[in-house]
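**Student:** Listed in order, the protein sequences are those of chains A and B. With the numbering used here as the guide, the letters of the first sequence map in order to residues 1 to 283. With the numbering used here as the guide, the letters of the second sequence map in order to residues 1001 to 1565.
Do not rely on the hints blindly, as some may be mistaken.
The calculated lysine-lysine pairs, modelled on DSS-like cross-linking and capped at a C-alpha distance of 25 Å, are [said to hold, decoys possible]:
id, chain 1, residue 1, chain 2, residue 2
1, B, K1117, A, K279
2, B, K1483, B, K1460
3, B, K1382, A, K279
4, A, K279, B, K1195
5, A, K279, B, K1376
6, A, K258, B, K1238
These are calculated hints, taken from the structure and not from any lab test.
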Amino acid sequence: MFSFRNQLEIAWCPGCGNFNLLTALSEALVELGLKPSQVVLVSGIGQAAKAPHYIQANVFNGLHGRSIPVAFGIQSVNPELTVIAESGDGCMYGEGGNHLIHAIRRNPNITVIVHDNQVYGLTKGQASPTSEAGFVSKTQPLGTVSESFHPLALAVSQNASFVARGFAGDKEELKSIFKQAIQWKGFSLVDVLQPCVTFNRINTFGWYKSRVYSLPEDYDPEDQVGAFKISLEWGDKIPTGIIYRHSKPIFSDLVFEKLGRKEFLNPTRNYQSIFEDEKHGFE
Amino acid sequence: MPDITITIGGEAGQGVQTIGEVLSRILIRNGFYVFSIQDYHSRIRGGHNSVQVRFSDQPIQAIGTDTDLLVCLNHETQEIHQTALKKDGIMIGTISSPPSPSLPSSMVSIHFNEMAKELGNRIFANIIAVGALIEILGIDEKIAELYLEEIFQKKGKDIIRLNKEALALGQKEIRKHQISRKFLDKRNGSQNPGKLFIVGGNEALGLGAILAGCTFYSAYPMTPSTGVMNFISSRSKKYGIIVEQAEDEIAAINMAIGASYTGAKAMTATSGGGFCLMVEGLGLAAMTETPIVILDGMRPGPSTGLPTRTSQGDLEFVLSASHDEFPRFVFAPRDPQDAIDTMIRAFNLSDHFQVPVIILSDQYLADSNWTFSQIKVNEKPKNTQTVIGDQNYQRYVLAESGISPRALPGMSEALVVADSDEHDEIGHLTEDLELRVQMHQKRMKKIEKMREKTRPPVYKAGKTATIVGWGSTYGVLYEAREKLVNLGVDVGLLHFNDIYPLSKDILTFIKSVPQPVVIEGNYQGQLARLLERETKIPFSLRINRYDGRPFFVNELMNQIREVLS
Chain A
1 MFSFRNQLEI AWCPGCGNFN LLTALSEALV ELGLKPSQVV LVSGIGQAAK APHYIQANVF
61 NGLHGRSIPV AFGIQSVNPE LTVIAESGDG CMYGEGGNHL IHAIRRNPNI TVIVHDNQVY
121 GLTKGQASPT SEAGFVSKTQ PLGTVSESFH PLALAVSQNA SFVARGFAGD KEELKSIFKQ
181 AIQWKGFSLV DVLQPCVTFN RINTFGWYKS RVYSLPEDYD PEDQVGAFKI SLEWGDKIPT
241 GIIYRHSKPI FSDLVFEKLG RKEFLNPTRN YQSIFEDEKH GFE
Chain B
1001 MPDITITIGG EAGQGVQTIG EVLSRILIRN GFYVFSIQDY HSRIRGGHNS VQVRFSDQPI
1061 QAIGTDTDLL VCLNHETQEI HQTALKKDGI MIGTISSPPS PSLPSSMVSI HFNEMAKELG
1121 NRIFANIIAV GALIEILGID EKIAELYLEE IFQKKGKDII RLNKEALALG QKEIRKHQIS
1181 RKFLDKRNGS QNPGKLFIVG GNEALGLGAI LAGCTFYSAY PMTPSTGVMN FISSRSKKYG
1241 IIVEQAEDEI AAINMAIGAS YTGAKAMTAT SGGGFCLMVE GLGLAAMTET PIVILDGMRP
1301 GPSTGLPTRT SQGDLEFVLS ASHDEFPRFV FAPRDPQDAI DTMIRAFNLS DHFQVPVIIL
1361 SDQYLADSNW TFSQIKVNEK PKNTQTVIGD QNYQRYVLAE SGISPRALPG MSEALVVADS
1421 DEHDEIGHLT EDLELRVQMH QKRMKKIEKM REKTRPPVYK AGKTATIVGW GSTYGVLYEA
1481 REKLVNLGVD VGLLHFNDIY PLSKDILTFI KSVPQPVVIE GNYQGQLARL LERETKIPFS
1541 LRINRYDGRP FFVNELMNQI REVLS
C-alpha cells in the first residue's frame, strides 16, 4: 500500500507524541484517496513544524507562527488543493494567535492541526500559551502565573466551522478526526494532545490517558452553546472528538463568486487593451 | 508662457480636494499641463488641508513655490498661506483681515457656502469656487460646462443644470469686482484641445501592477500606500484579482508568499512602519526563493512619524532589511509613467530571478498628479516562468545560473518542497554545512546577473557640477537644473530609478561625473552613502531635507548654488 511517509530521518525524541500523530495523518491522507501532489502541508517553526518534511506531499515550511496566512494564500489561489497547516501550540497559539482568530473569520478551506504538548520543546522547555498556571520551568522557576489559553473554547465562541480535539495516544480516533477535518469544507481546527516526553513531566501519556474520554455518540456537535460548555471541560475529564461543526460558506467560494472567475494562474490578460481601456480614466 | 500656482486651503471635509480635481480636469481640457499635490493632516475632519494646482502650457513635473492665487475656504487658510502669496497674487474666499501691509496682494471676499445655500444646497459651494477661479484665470466657461456635463451625466439633467448655474454664479460674483491681475492673455479654450492625461502616483502604481498581471494583493491599509489598494480592489472583479485586507502586515506578506508559491503574481504594499513588520516575511520570500513585489510608500519616521508627509528615509533600511544576505532589487519610480513601467519590470524580474523586488514610492509620488501628453506601456509583462516537473523534481536544484526551475504545487506529479530553514536540493531542511555554502552561493550568485538587468540612471551632462537624486524628486531636480542652466550655471543631472543592484558600467560611469551634489529627502544622505560604498569615492556634497515636505524648485536652486559656492 502507498504510504505518505517518506524516507527522511526523523529528528524527534524517542517516544515523542509526534510519531503517532504523523502516522495518523499519513494514514488519513492515504485512506482519503489523496495524491501527494494534491496535498500541501504548511508549517511554522518548532519540533511539530518538522512533521511535513516526513510526509510525501507538497510542503511549505515557513516562519514561526505564520503557517495560517501562507496556507490561506495557497488555498485562495488554488482551491483544488488540500491544504493543511500543521505546527505546535507555541507556533499556532503564541506567535500565530492573531492569524488563528482571523482565519476563523475568513473561513478558508484549510485544516489546522496543532501539536499541543503544553510546552516549548525545541527551545528546551519554556511554558507555552497552553501550559497550566503554576507550570515550573527554567524560565518560569516560580511557576507561570498566567492562565492557560483555551483554543477550542475560543474557536467555538467565534463560530469556527470545525473544532475538534484528538489525543496522540489514540491513533485510530485521531485518524478519524483528521479525515473528517480534511474533508470538511471550511476552516478546521484540530488540537492534538501530544505529550512531550522530555520537557513536560506533568502532562505525560499517563496523565492524559487517565483523563481523556471520547465524546459519546449522542453528543450533538451542531449545538454551539453545548459545544462551548464541552470546550471548557478540562481537568479530571478531557473530551476528545468533534466538538463543534457548523457549515458555512468558505472564503474562496465567496471570493470567486464575487469575482466571477475561477482560473487565476497565468491569466490571459490582454495588457494592451486593458491599458487602452483604463487610460480613459486619466483623461 | 503662463506658469501659475493656485493653492486651495480649508478644513478636511470642506471640498479642498474636489475643487483641485475639478479645476485640474478643466485645465487639462484647456490644453494646459497640470501638476497637483495634496498637503494634509492625519485626521478625517477639521485640521488644515491644502491642494496645490500648478499649470502651464509647457510640461511641468514639480510643485510650485509661490502662490499666484489663494483660495481660502476658511479663516485659517489666509493665516497659513498668505506669506507664500506673490506680491501680485490674488486671494479669494473667506478673508477675515486685510493682507499684511508687506503683501500688497489684492483680495476678493466671497462666501461660497452662503451662495450655495441660495442655490439650495451647500454641495454647490465647490463648483461656485471653480466658477470664480475660471473667471479670474480667464478660462472659457464652455470647456468647464462640457466637463460638468460629462461628470454629472449619470445624475441627470437637473443636476447638470444646477451645477452650471453654480459655475455661472461664481463667475458673476468675480465680474462684480475689479481684478488687478490678468492671468491668461485671452480665453484660449479652443486653441489647444490636444489630449492630455492626468495621472496620480498611486493610480499609476496600481495600474502598473494590473498590467503586470498581478492576481493576488494582500495588504493592511497604511498611508500613503492605501490608494494603490483602493485602485486595485476597485478593479478586482474586472480583472480577477484576489484582494485581501489582512489582519496585519505580517499576515499580508505571508499570504502573498503563499499565493506566489501557488503561482499567483502576488504583491503587498505598505509604508515604512508596516514594512518593519514585513521584514521577517521578506527573508522568507528570499530563502524560499518565492517571487514577490513589495511597495513601500515612504513617510517620515521612525515609528509612526509624520503619517501624511513625505520622506526618502527608508532606502538604507530596505537595502539591508532582514537578517543575513540575499539578493533583491530596489527600484524607485520617478513619476507616474515610470511607475507603470517599473511595476511591470518589478513583476517580471521578481519572477525571473525568484527574488523579492522592493519599490520605493513616497507620499509625494503617491498623492501627486502629473500631466502627460501621452501615457504608454513601455514594458511587456511576461508570463510566470514555471516548469512541469515529475517525481524527480527538486525545487532547489543547484543550477549553474543560480535560478532553479520553479514548479507549482498541484500542477504536475512534482512535489514542491519550500523551506525557510536551510535546505537540500529537494527542499528538506538540512544542517549539512557544505550544502549550506552551496545553497547560499546559489542564491547570492544571482546578483551578478541581476546587475545586468538594471537600468542606468537618467543623465544630462553639465560642466561645473552634477545634481544627483533618486525616486520622486526627479521632476523638481529636472526643473531646478533647467533653470540653473538658463541662468548660466552649467549643472548636470544624474537621477536613479534602479538603485540596487547597480551595474558595473554604471558604477564606473558615476565616478566620472563632475562634482556630484546628492539631493535626498533624508538626514544622512543614504544614496550618497550607497554610492560611496559601491564606488569607493566620496560623495560629500549633499542637500538633505527631512521636514516632511517635498523639495521646492526655487529653494533647491538656492541650496545648490550655496553648496557649489
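**Student:** Could you work out which earlier hints the structure fails to respect and list their numbers in ascending sequence?
**Tutor:** 1
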